[in-house]
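S.K.: In the order they appear, the protein sequences are chains F and V.
Counting along the first sequence from 1, when you hit position 249 you're at 249 in my numbering, and nothing is skipped either side.
Counting along the second sequence from 1, when you hit position 201 you're at 1201 in my numbering, and nothing is skipped either side.
Which chain F residues face chain V? A few, computed with CB under 8 Å, are given here:
1) Ala-12
2) Lys-15
3) Arg-20
4) Arg-194
5) Arg-198
6) Leu-202
7) Thr-203
8) Pro-204
Calculated from the structure, these hints are not laboratory results.
Fair warning: this is a prediction, and the values are worked out from it, not measured in the lab.
For glycine and all other residues, C-beta sits at the position ideal for the given N, C-alpha and C.
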Amino acid sequence: MNAGRIGATTVAQLKMMFRRRITLFWSLVFPMILMTLLGLLFGRSIDAGTITVIDAAHTPASTAMVRALGQTTGVTVKHDQTEVTSAQRQIRNGDREALLVLRAGPGATTAAQLYYSNASATQAGILKGIVSGVASQVSLAATGSPPAVTYRPTSVDSSALSYIDFLLPGILALSIMISAVIGLSTVLVAWRKRGILRRLKLTPMPLSEFLVSRIAASLALALLQVVVLIAFGRIVFGIHISGTAWAAIPIALAGALCFLVMGFTVGSLVSEPETADAVTNVITNPMMFLSGTFFPVSAMPHVVQQIARVLPLYYMANGLRDTIVRNQGLTHVLPDLGVLLAVTGVLAVVSLRTFRWE
Amino acid sequence: MIATGMNAITVDGLTKRYGEHVAVDGISFHVEQGEAFGILGPNGAGKTTTLEMIEGLRKPDAGEVSVLGKPVWPDPRSVQGRIGVQLQSTSLFDKLTARELLMLFARFYDRKDGAERAATALALVGLEAKADAYADSMSGGQQQRLAIALALVHDPDVVFLDEPTTGLDPQARHNLWDVIRAINVDAGKTVVLTTHYLEEAEQLCDRVAIMDEARIIALDTPAGLIASLGADVRIAYTEDGREQISYAHDAQAAVLEALEQAKVRGTRVEGLSVRGPSLEDVFLKLTGREFRG
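Chain F with its partners taken away, still in its complex shape:
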């Protein structure tokens, strides 16, 4: 190995990489678009819906209920001049979400009646829960006695991890995987098919040096992805980046190396560029959805959780998430690092056995 020669070749590899706009798109721009889209779709807490209120009671209790509903997050209160019957029809047709009618009941009581449609069962369930909760609160307050049970919902994510915080490391892992697997497998197949490897065989430089320079350039790209995508999340979405984020670097490098060797394995088994594309898609697409990159694995069926645990992307996403947004240091993610390096080792043995230059 000749360090100076590898260095100069790595620089040339980086030039070839970055002068291809498609590389920059897939490695940097596409993840930003994906993060923005998913952030907009799922980023905010769930919107419970709009309740149209007809307050025909005008009692202190009815006023208190309307006020309490208005203060509930996710609920929009609408005061409309409308007939109950036409509002019911609108709910059936999906033009209105729910109608709350408050009437004076017998004695000093207030009768609250909620009209909803089971066509949107989840939303109806949420609205029923909210209205019944508000009604109980107001009733209890009217008695003047202290509540027998006090209730306070508390999130287990101490740092109040929002969806976009969860998403950033997942997308970073995903984009490093795609750049590495597709990047190395396609160039390898193209170099072989176009006779470039044959031409290089006529120079005194060992082809292994050429390969090492390509891997070095790809690792540099992975580092750039870490820096650029974290900065993007911080600036555009105001994501709180943990002080332990530096520990994401070894995870990102080990993950990139793992997926580079995976790309190398594909590139050594396949001879046509189209086949390489198909094979990498078959490998990366399921991994993308099963590894907890977009949504927590814990929210998925048990079987999926079991599958996730054998996928390297799961460990990379996990390691990146722990270090970048969960304030965990390197020691905490050593198991993830170990798994990634172990998979790298196994794949390296397999691919070196099957590899051919021509």
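Starting from the known structure of chain F, arrange chain V on it as the hints suggest.
M.R.: Okay, now just chain V, sitting in the frame of chain F:
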């Protein structure tokens, strides 16, 4: 320095088989230093396989080959620093400029003077104006010249060119001939080229080996090969639709005689041409077939 009197290339009994098919069948020849040596033959004659065994890309099944006094096999790397190769179908890396490619290749040979070497090689192939252009933006002829520049960047003693002008238009072909002459005559390098263009071999080569069906069927200077026909002119015509080719010393006498005989037979002579013989005629005489590149 190379010891004087040593052959640039010595090939002895070189053989390559692919299963039942014999691609190169025990050929022997030598190339002298400073010579422009051509291997001429139709497609599939074994030219490229021969070249690739000398370059160290393909291992021969039998026979010996040495370059500048060193055996190529079993360790081709021992000679690869001294030879420069343009392969028949190398596409280059895209997204590197000609200059960057040349400097990268100079680095492969561990040369630190890449910038100067790149400039020299570009000048030699007349590609200075395209120094900062990407290979994929160049014409076919320019790409071929770049491939030749890459073969020259480490200042090799022997340069191999595998069908350098195939696929080029006549203008680009003639430009490339000037480049090849410059490499051979001005830069003093030994040049070995394969071609299926008779005219190219005649124009560029000091000596030509004619290959057909895995064997060398003739080897001499172009003039020597033509002289072996024992004729000064080639007379061709069609007589009642049948093509007639004959060779003679005295053009006037031969033409008159042909016309006379046709008159006697009462046949019609058309498309009469008289010219000096070429390598095409040598091939026809040796194989009984017309040369088809």
